[in-house]
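Protein sequence lines, in the order shown, are assigned to chains A and B. Position 74 (the first sequence) corresponds to 74 in the working numbering; numbering is contiguous. Position 93 (the second sequence) corresponds to 93 in the working numbering; numbering is contiguous.
Simulated from the structure, these hints should not be mistaken for lab results. Owing to the predicted nature of the structure, the values given are computational and were not obtained by experimental measurement. Certain hints may be false.
Repeated chains share a single entry, so a pair holds when one copy, or any two copies, can fit it.
Unchecked claim - Pairs of lysine-lysine, DSS-like flavour, derived with a Cα cap of 27 Å:
#1 K80 to K150
#2 K80 to K178
#3 K150 to K172
#4 K90 to K138
#5 K138 to K223
Protein chains: 2
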Amino acid sequence: MNNKEYALIVAGGKGTRIKSKVPKQFLDLDGVPILMRTINTFYAYSPTITVIVVLPEDDFPIWEELCLLHKYNKPLILTKGGDTRFQSVKNGLDKIEGDDGLVAIHDGVRPLVGEDIIGASFRLAAVHGSAVAAVRLKESIRMTDQDNTKAMDRSRFRLVQTPQTFTVSLIKQAYQIKEDASLTDDASVAERSGHVISLFEGSYENIKITTPEDLIVAEALLKDRRR
Amino acid sequence: MNNKEYALIVAGGKGTRIKSKVPKQFLDLDGVPILMRTINTFYAYSPTITVIVVLPEDDFPIWEELCLLHKYNKPLILTKGGDTRFQSVKNGLDKIEGDDGLVAIHDGVRPLVGEDIIGASFRLAAVHGSAVAAVRLKESIRMTDQDNTKAMDRSRFRLVQTPQTFTVSLIKQAYQIKEDASLTDDASVAERSGHVISLFEGSYENIKITTPEDLIVAEALLKDRRR
């Protein structure tokens, strides 16, 4: 296996949860669209990484306009999203020729991922086949059980983030399974296909921007980093 | 049952997770110590509420100094914390005379709880005996299972916040049980004592301030509210 590295950035969301007509991945975060920031972090980690961006076809014109506006000319492979995240990731994986290398699958709306997290995910996936960023729970957790809920031991749970990094061969094979609604992330797809999932320590700052509050939080965290 | 309302605010943390010698509940949040903001929100909800604050005895002098500095003279019952959260809550409950009314048990470091959330918790606890603020998961979740982890259905889980509001009689009786480390919140204590727990919709903004990043996030959310 060579060490060719890919970033597959999925930016399929329609922004329905943020009160904005602009899909959330295009919203401005301190002067730069969220998706552009996300891509930039992968290039900051490695200038030779191959970046594949999956976008709904309807959003291609906005993206092209934003690239013009920001004089953005980083090389990337743009491909169209499917009806679901599963389909979008599959379309993105189709853009990788052959089965060599590693691919970090990442949410387009997680611009605060650090270069250290990206680096760790590639290093660990090279060893274990998979490396999925996850964090411990800060709060108590309850599980619903019929019409009741019960307290669970929170130390046994992890909240899953992205990047979720895999060997290309593993994840391409995994995405051959039949899609269903319970497959909410790439780790669950790989697991369903019979692979053991390796987790590694993510970061609480690596938030997914899905609500107006998240955007405010992201701005504050970004401002603090620059201090 | 009368409708007397109590707020039992637990501020026992030593601030070890925030790089600060000042316990985290005393840190400044936009000009006002966090604990003071938390208390103020309960008074904003109801000027006639009885507020009980549980603090480590060592922290009484800092609190008194802060009250002088901020000319803070809201009436409150101050009582000393125990070695654990369980003991602290128990000490606070001991300050309530009789078994009538409702008590909202709340983390001192959740200053962004809204008056609406507090109001809902009292209304629902009056009907159901308990009302525990909880939110759905925004991210996928995995459960550890020996040395492996497995994907879980995130729709079945809730992250638990405070306030956790109960009839005084129910929660006083519940806190008679023997303490153990798995009882991480009041809902788990009440449940262990045989009560069914009612959840209600909390708020993602109602964060618990335990890290330096949380403080930055709280400041940003607060600033946004004032706009």
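- prompt: Under a CA distance limit of 27 Å, which applies to K80 and K178: within one copy, between copies, both, or neither?
  reply: within (20 Å within a copy, 58 Å between copies)
task: Could you figure out if K90 and K138 sit no more than 27 Å apart (CA to CA) within one copy, between two copies, both or neither?
output: between (33 Å within a copy, 23 Å between copies)
message: Please sort K150 with K172 into within, between, both or neither, judging by C-alpha distance up to 27 Å.
response: Answer is between: at 20 Å across copies they meet the 27 Å cutoff, but 38 Å inside does not.
- request: With 27 Å as the alpha-carbon cut-off, assign the pair K80 and K150 to within, between, both or neither.
  value: neither (42 Å within a copy, 30 Å between copies)
- prompt: How do K138 and K223 come out at 27 Å by Cα distance, when the copy is not named: within, between, both, or neither?
  reply: Both, since 24 Å and 24 Å are each at most 27 Å.
Of the numbered hints listed earlier, the single one contradicted by the structure is hint 1.
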